[in-house]
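Starting from the structure of chain A, add chains B and C where the hints point.
What follows is the residue order along each chain.
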Amino acid sequence: MATFLSPTYSSNPHLPFGDQHTAPFYGKDILSVKQFSRGSLDYTFAVAHEMRVMVERVGTFDLLKGKILTNLFYEPSTRTSSSFTSAMERLGGSVIPINEVHYSSVAKGESLPDTVRSLECYADVIVLRHPEIGSAALAAQYARKPIINAGDGVGEHPTQALLDLFTIVEELGQVDGLTVTMLGDLKYGRTVHSLARLLSLYNVKLNYVSPEILRLPSEIVEEIGQKNIPQAEYTTLEPVLAQTDVLYVTRVQKERFTDQAVYESVRGAYVITPEIMQQAKERMIVMHPLPRVGEISMAFDDDPRAAYFRQMEYGLYVRMALLAMVLGKA
Amino acid sequence: MATFLSPTYSSNPHLPFGDQHTAPFYGKDILSVKQFSRGSLDYTFAVAHEMRVMVERVGTFDLLKGKILTNLFYEPSTRTSSSFTSAMERLGGSVIPINEVHYSSVAKGESLPDTVRSLECYADVIVLRHPEIGSAALAAQYARKPIINAGDGVGEHPTQALLDLFTIVEELGQVDGLTVTMLGDLKYGRTVHSLARLLSLYNVKLNYVSPEILRLPSEIVEEIGQKNIPQAEYTTLEPVLAQTDVLYVTRVQKERFTDQAVYESVRGAYVITPEIMQQAKERMIVMHPLPRVGEISMAFDDDPRAAYFRQMEYGLYVRMALLAMVLGKA
Amino acid sequence: MATFLSPTYSSNPHLPFGDQHTAPFYGKDILSVKQFSRGSLDYTFAVAHEMRVMVERVGTFDLLKGKILTNLFYEPSTRTSSSFTSAMERLGGSVIPINEVHYSSVAKGESLPDTVRSLECYADVIVLRHPEIGSAALAAQYARKPIINAGDGVGEHPTQALLDLFTIVEELGQVDGLTVTMLGDLKYGRTVHSLARLLSLYNVKLNYVSPEILRLPSEIVEEIGQKNIPQAEYTTLEPVLAQTDVLYVTRVQKERFTDQAVYESVRGAYVITPEIMQQAKERMIVMHPLPRVGEISMAFDDDPRAAYFRQMEYGLYVRMALLAMVLGKA
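Chains as they are written, first to last, in the numbering used here: chain A, 2 to 331; chain B, 2 to 331; chain C, 2 to 331.
The reader is advised that the hints may include incorrect statements.
Pairs of lysine-lysine residues, derived as DSSO-like cross-links and limited to a Cα-Cα distance of at most 27 angstroms, are as follows [as the list claims (entries may be wrong)]:
no., chain 1, residue 1, chain 2, residue 2
1, B, 330, A, 66
2, B, 66, C, 330
3, C, 188, C, 255
4, A, 66, C, 66
5, C, 188, B, 66
6, C, 66, A, 330
7, A, 206, A, 188
8, B, 206, A, 66
9, A, 66, C, 330
10, C, 66, B, 330
11, B, 66, A, 330
12, C, 66, C, 330
Label pairs and their in silico Cβ distance ranges [stated by the list, open to error]:
no., chain 1, residue 1, chain 2, residue 2, range
13, C, 272, B, 235, 58 to 68 angstroms
14, B, 142, C, 204, 39 to 49 angstroms
15, B, 218, C, 58, 44 to 54 angstroms
16, B, 302, A, 302, 47 to 57 angstroms
17, A, 60, B, 66, 11 to 21 angstroms
18, C, 218, B, 218, 51 to 61 angstroms
19, B, 35, C, 114, 52 to 62 angstroms
20, C, 57, B, 57, 46 to 56 angstroms
21, C, 272, A, 302, 49 to 59 angstroms
Just so you know, the hints here were simulated from the structure itself, not pulled from any lab data.
C-beta: ideal position from N, C-alpha, C; glycine also.
For reference, chain A alone in the conformation it holds in the complex (with noise of 0.2 angstroms):
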């Protein structure tokens, strides 16, 4: 559904829980982070919250039980699948796995819409992860079930941007007054800009640490700059590792260099160790969207700083959450 969550929605954050935030999501689509405000935000992670309370307690429940989730990928993502899989099963509901979508009418010269089209009667709800920008959006043009965006290429991954958020507001208790810090490739990765853009709803301090070549690019230093975020750049972590709350690490994707000479050259220029974490703080976490290739230590893994594989687990209670949302049963 290509409706987006209505703007009076984001005007009224403060108001109690209720049907003015719940009925937005419901039968809608989660395409893109910029559908939510920080009210819709908060209502989310207040979901997310109960879901993890619930899953510690109980396990799994049937909230969702009878409702069928289409796990679509068009591209293999082992984690961001199970990570759905998961959620729709913790919530008593069924899984339509679809994993092999090339060798099948794809192959044939099928259509997105028409795929979607006639999948979608099987389930309640889809999840979509396809190789091209714009992918979930043109599908959900099409729908008449909720279609959630597990990324669309170079475009969004936006329960990936949610769960490294939950994860801060989970670890750090709040946003407001945090300075974070992100480390490594912040020219592609995809949910740096996406995370960069969520932070700049609070009031924080956002640090860049990258290879010149790896910059954040300019478009998405202004958009965060007209927000009124303080954001700084740097090339080495030593000048802001101590006053930084968040230390976001981003692996440094061999794919993304032509010349394996410079890939080679920068790859372990930002390598995160115990003996660099003795400058960071006591409290303050480190968070990486994983698969890591070396950018952190596996030395560093038993600090509870390290909050990596907690962030997983945070992704599972977001994305209950969301499926819980669109289908009308938070």
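Chains B and C only, in chain A's frame:
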């Protein structure tokens, strides 16, 4: 199980639905449309209609709770596989999806009878898709559990033919008296052959519209002719469109042509557009087994006569009915 | 979890089943047959037998309702994967199937410990199939959730060995006093090695029948010899068939031979036929881990002594038992 429905079954199609109708399906295989008489079609569609009502009312219900379906697909078919998965889940049952059979035991040289006998202990019913004709019958010969044929190469795909016929019944109320026009590739189209055979059980008029090289095989024309069904062949749609109640469009598949120049010359010859459809009745339906690749203009999709996406949904109800019937729960 | 069963556990195998038997399995990993004493085997098989009774009586029951299994398969194994899926579903639990791990995070260079720690938050127990020896133990070292080893390359496949032994117990009533003859590829056959080790906990007589180049490795012969188990090696079946209670046939795998001429010379040397089996006892069983490719004639399949398809079914009960045990519900 290899035993077909008892021939005495079809001799009494007007009895109220009861044991004489349900018993023959319980524990049986669904291998071919040839197993179906008008009586058993009536029964199947009555169950499928009940499934539709239940899905529309409650979404999912526990008729097959605790039952397990193995979806054994030797070749990918996202749509058919998803449809059976959804059917089983909407009935409260579970699914074992097997799509990787190529890489595994079969690659080690295991025979189909061994694979089926190995896997059947894990499930209550097996849906089999296999590229070779006769494979479903072979599997059924060895299996103790019911086998449902989901396509055996150039052989049969009975649940597709059943859902096609059920679509006609649900959309137009009855089959007797209708004029059904089949368009496109009538030579290689397995779905067209099976549907034509099923339609010959009713008082219908059949029109075949195709390029010369893709005419309906003469043995099928003869088989249907023996039942005194009026049949007529055309190379253009124009002469028959106005009198058509059901227009069944099929895809002209590129892979059927050795000479690509011939393919290019015919592919665009039978495209359905809103303009062409102005000549058709107001109350008629356009069907397509999907996927389509241009045979029907997307501009026609919003026309109420465009039944091809609803057709997918009718497939869900037919498969729910068949699963319930072979498991003795209809 | 890396902690093996306490060695004190096996010292008291004759106590009635109770906490001293169940507690050691709760939350534990199943990595190797070496974890099992006669006492814990007795317990496991008692639970597996209960599972058999329940499945025969009601098909499916809700012992593990709300629990989620992640089936993490780095290499395809349709049979093992399906068996665990069915086991979980027959117990009312759910499954997250992961078969595409190659194409995803792992392809990006993620380590097994990271993959396991990322995925474990979605499930309550992980079944792991991996091509490298020691991988299950490595995963268990990092995971908080129980790991069940479903094959780690040339390492172990403990649930296969357990189901083999359970088959003997269920079919013949006991293990002590039996003569077990192993036939075929005894050098590379992982299942044979594990089964021989388990059998050495009982008072059995072991015969090994193989081509010279596929003899049981001497270290295994020595290990078993230290337990005073009578062992004898043969190159033909004839001298031992008449006295055999369990004939365990294995496939001579083509891929084990560098010289295909040698493979061709031995592949047909140990084929079981109805004629040969006339020399065997009336009450004995023929087993095979499957798939077979001609080592047992299909003409023998209907003989009541042919236990190989029933063996698959016993695997279901053993895996149900193990899942229930590690999740504390046995």
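Hints, one by one, checked against the model:
1. At roughly 21 angstroms between alpha-carbon atoms, residue 330 (chain B) and residue 66 (chain A) fall within 27 angstroms of each other, so this suggested pair holds.
2. This hinted pair checks out: residue 66 (chain B) and residue 330 (chain C) have alpha carbons roughly 21 angstroms apart, not beyond 27 angstroms.
3. Restraint check for residue 188 (chain C) and residue 255 (chain C): the C-alpha separation of about 13 angstroms stays at or below 27 angstroms, so the hint holds.
4. The suggested pairing of residue 66 (chain A) with residue 66 (chain C) holds, with an alpha-carbon distance near 12 angstroms, which does not exceed 27 angstroms.
5. Between residue 188 (chain C) and residue 66 (chain B), the direct Cα distance comes to roughly 45 angstroms. Violation of the 27 angstroms bound is thereby established for this hinted pair.
6. Proposed proximity of residue 66 (chain C) and residue 330 (chain A) is supported: the alpha carbons are some 21 angstroms apart, at most 27 angstroms.
7. Between the alpha carbons of residue 206 (chain A) and residue 188 (chain A) the distance comes to roughly 19 angstroms, so the proposed pair stays at or under 27 angstroms and holds.
8. Restraint check: the Cα-Cα separation between residue 206 (chain B) and residue 66 (chain A) comes to about 46 angstroms, which exceeds 27 angstroms; the hinted pair is violated.
9. Between residue 66 (chain A) and residue 330 (chain C) the alpha-carbon distance is near 23 angstroms, which keeps this suggested pair within the 27 angstroms criterion.
10. With a C-alpha separation of about 23 angstroms, the suggested pairing of residue 66 (chain C) with residue 330 (chain B) holds against the 27 angstroms cut-off.
11. A C-alpha spacing of about 23 angstroms is found between residue 66 (chain B) and residue 330 (chain A), which places the hinted pair at or below 27 angstroms, so the restraint holds.
12. Taken as a hint, the residue 66 (chain C) and residue 330 (chain C) pair is honoured in the structure, with Cα atoms around 11 angstroms apart against an allowance of 27 angstroms.
13. Checked against the given bound of 58 to 68 angstroms, the beta carbons of residue 272 (chain C) and residue 235 (chain B), roughly 59 angstroms apart, stay inside it.
14. At roughly 43 angstroms, the beta-carbon separation of residue 142 (chain B) and residue 204 (chain C) lies within the given 39 to 49 angstroms, and the hint holds.
15. Between residue 218 (chain B) and residue 58 (chain C) the beta carbons are some 51 angstroms apart, a value that agrees with the proposed interval 44 to 54 angstroms.
16. Judged by the Cβ atoms, the range 47 to 57 angstroms given for residue 302 (chain B) and residue 302 (chain A) holds: they are separated by roughly 52 angstroms.
17. Checked against the hint of 11 to 21 angstroms, the C-beta distance between residue 60 (chain A) and residue 66 (chain B) comes to roughly 20 angstroms, which is consistent with it.
18. Checked against the hint of 51 to 61 angstroms, the C-beta distance between residue 218 (chain C) and residue 218 (chain B) comes to roughly 60 angstroms, which is consistent with it.
19. About 56 angstroms separates the C-beta atoms of residue 35 (chain B) and residue 114 (chain C), a value consistent with the hinted range of 52 to 62 angstroms.
20. About 37 angstroms separates the C-beta atoms of residue 57 (chain C) and residue 57 (chain B), a value inconsistent with the hinted range of 46 to 56 angstroms.
21. Judged by the Cβ atoms, the range 49 to 59 angstroms given for residue 272 (chain C) and residue 302 (chain A) holds: they are separated by roughly 53 angstroms.
Consistency note: the structure conflicts with the earlier hints numbered 5, 8, 20.
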